[in-house]
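S.K.: Next come the chains, spelled out residue by residue.
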Amino acid sequence: MFAPLVSAALESTALRRFERRLAGMTLLLGIVPATAGSSSAQAQEAEEFMSFAVPQSGRVVIDHVARGDVSVMTVPGREGRVWLDDLSGFDNWGIQGPDLVRFDETSDGIRIMTGTPAHDASYANLFVWLPEDVVNHLSVNGSEGNITVLGINDVDVVVTAYSGDVRVFDAARTTVRVHSASGDAILSDIGSADIWLMHGNAWIDEIEGIVSVFIVDGNGVVTGSNSNSVSIETGSGNIWYEGAIRDEGRYSLSSHNGDVVFYVPEGANASLSASTFEGRFDPSFDLDFLRGRVRNGILRGGEFGIGESGPPVSGMAGVASVLLRSFYGDIYLIRPGETMLGQPFCSGCFAAPSMPEVPPEPRVPDRQQFRR
Amino acid sequence: MAKDRFRDRLSDFLDGEVGDGEIDRFERHLEECEGCAQTLAELRVVVRQARTTVTHEPATDLWPGIAARLAAPGLVAERQVRARLAAGLSWVRRAGRIRRAVGGRIALSVPQLAAAAVVLASLSAGLAWMVGTSRSSVGELADGGYTAPNSVLGFETGIASGADPAAKWTSAASPALQSVWSGGDNIDADEYLALVARFENALFNAEPPLPPETMARIRRALVTIDRAIIDAEQALRQAPDDPYIEAHIASTLQRKAEFLQQAVFLTAGN
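Going line by line, the protein sequences match chains S and G. Under numbering that gives the first Met the number 0, the first residue of the first sequence is numbered 0, with each subsequent residue one higher. Under numbering that gives the first Met the number 0, the first residue of the second sequence is numbered 0, with each subsequent residue one higher.
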């Protein structure tokens, strides 16, 4: 929903400002033409962005091998644009001018690459503007730094990161996949999400489609969900799910040593299976009891029904299926608006994430909804 | 729901736990029901592997081995890998442990055993992919670029196809991957252990190597997952008949299998 704002800003102030800034960047002087012979990129004057063309329904792959952040946004028209900032280390390897960024044509699109694997000392922040309604697939691969994708819609987005946070905002018609070794994944207003994190937290706010999250070490937090298919698993971390429970939806939350908190809206009809080995099962409201699981005198879970018309049966029409698991942690069922007693989550889990360092304009709006 | 009734008791049938009068009914049903026959064949593979290793004593504590590996962050010796895998990863030994814990009978449900087969297929296919694509990846690296692996692996099969996340395990090894692995159904326990050892060696000895900090994170993640497996094992000793713990072990092993597969993605992307 912010794409138009971004585009408008790019058309006016931002472009002019970037042009002025680029004019003062001695490192970029001499960027004429971009990778002659292997690219559809258009040669640009030194004072302007590097630009490139993307075939209709084409794929764009961005490989930011250099260290530094990557920001991807949209721009009107049919040409994409690239801008590098805060460069260092490239000149040590004799890389300058057109070699700073490579544009390689592929069979169905273009690959944009900065740095090479051997030049691990190189650093640059990379900004890419993609033409609207042209690209149908975007892959962003970053080595060390944050990756931000803003306002990219109707595109499959795949982000692979070794170190750094991944942020994808304002992509309600987009399927986002994140594959990261270290860093948080922060997604807001997106279509579907498939997240795989080794070490980091997943924050998803406002999502309509499928949610699939796997984390080895970190928390999984989903708020504002309207999904009917949710799977969140973490080995070491807490899980928080707050959103709709759709009829016949499937919701599976599992943690090894963290707590699981599941919001149940009034009026939801669901078949619930909850189980914890060392923790306790703690619903804040009455459930239709089907079968309990008690160990050492503590309720550890069981099979329950949620709904006003008696205990529903799994698989029955109109009934959602909810599976909650934790080995060491507690499982909480609460109603929207209720507060948690005992503060089961680590402090800071819901602190607002820091905002990406994108160019002065367009500025990413402050995402207050992340604040808790 | 006669089919379900038979299917749910296939494990009993396999272990000779059904009465004489039922054997004929089972066998007639198996002649008619292709699904049950297929499931039974898969179960036989898993159980056969379990029987080949059931005499091995399980490691009482995996932690020393893991700690030793952490203390030596360089190349992972195959012996160490094999020792850890033998204790911590192999479904074969897991089945053996559970067999002992519950009094000599494998008490896993059909879905759990089927999951074990998926783990095997996933790992096998992942390794086959790794071996099959490493050369081209290196070639492209020499040209200054690399191929993002996500577009050709099972990673895309979940959401892209609109599949439910709950079905992810069955699609972890995509059809393309399965097609490059021809021996997944026929490997025995030793082959399996060697396969997984090679898989991890490929991960830890990748060329070009992953950044040291990424390698350290992978090791820490493996420790986290192994710790979860150990926790569940210890819990199973306390409550050997707890189906939740069995399910937890099964799911944790599945997660470990997926973790290894996804970690290889990172290696290839490097």
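Just so you know, not all the hints are guaranteed correct.
Claimed, not checked - Listed next, with one range per pair, are the computed distances between beta-carbon atoms:
#1 Val293/S / Asp11/G: 26 to 34 Å
#2 Arg172/S / Glu26/G: 36 to 44 Å
#3 Glu206/G / Val293/S: 51 to 59 Å
#4 Val17/G / Glu265/S: 46 to 54 Å
No wet-lab data here; the hints were simulated from the structure. Note that the Cβ used here is the ideal one computed from N, Cα and C, for glycine as well.
S.K.: If a hint holds in the structure, say so; if it doesn't, say that too.
M.R.: Hint by hint, here is what the structure shows:
1. A hinted range of 26 to 34 Å holds for the C-beta pair Val293/S and Asp11/G, which are about 28 Å apart.
2. Take Arg172/S and Glu26/G: their Cβ atoms lie about 54 Å apart, and the range 36 to 44 Å is violated.
3. Glu206/G and Val293/S have their C-beta atoms about 54 Å apart, which keeps the hinted 51 to 59 Å range intact.
4. For Val17/G and Glu265/S, the Cβ-Cβ distance of about 48 Å falls inside the hinted range of 46 to 54 Å, so the restraint holds.
Hint check: a violation occurs at hint 2 only; the rest are consistent with the structure.
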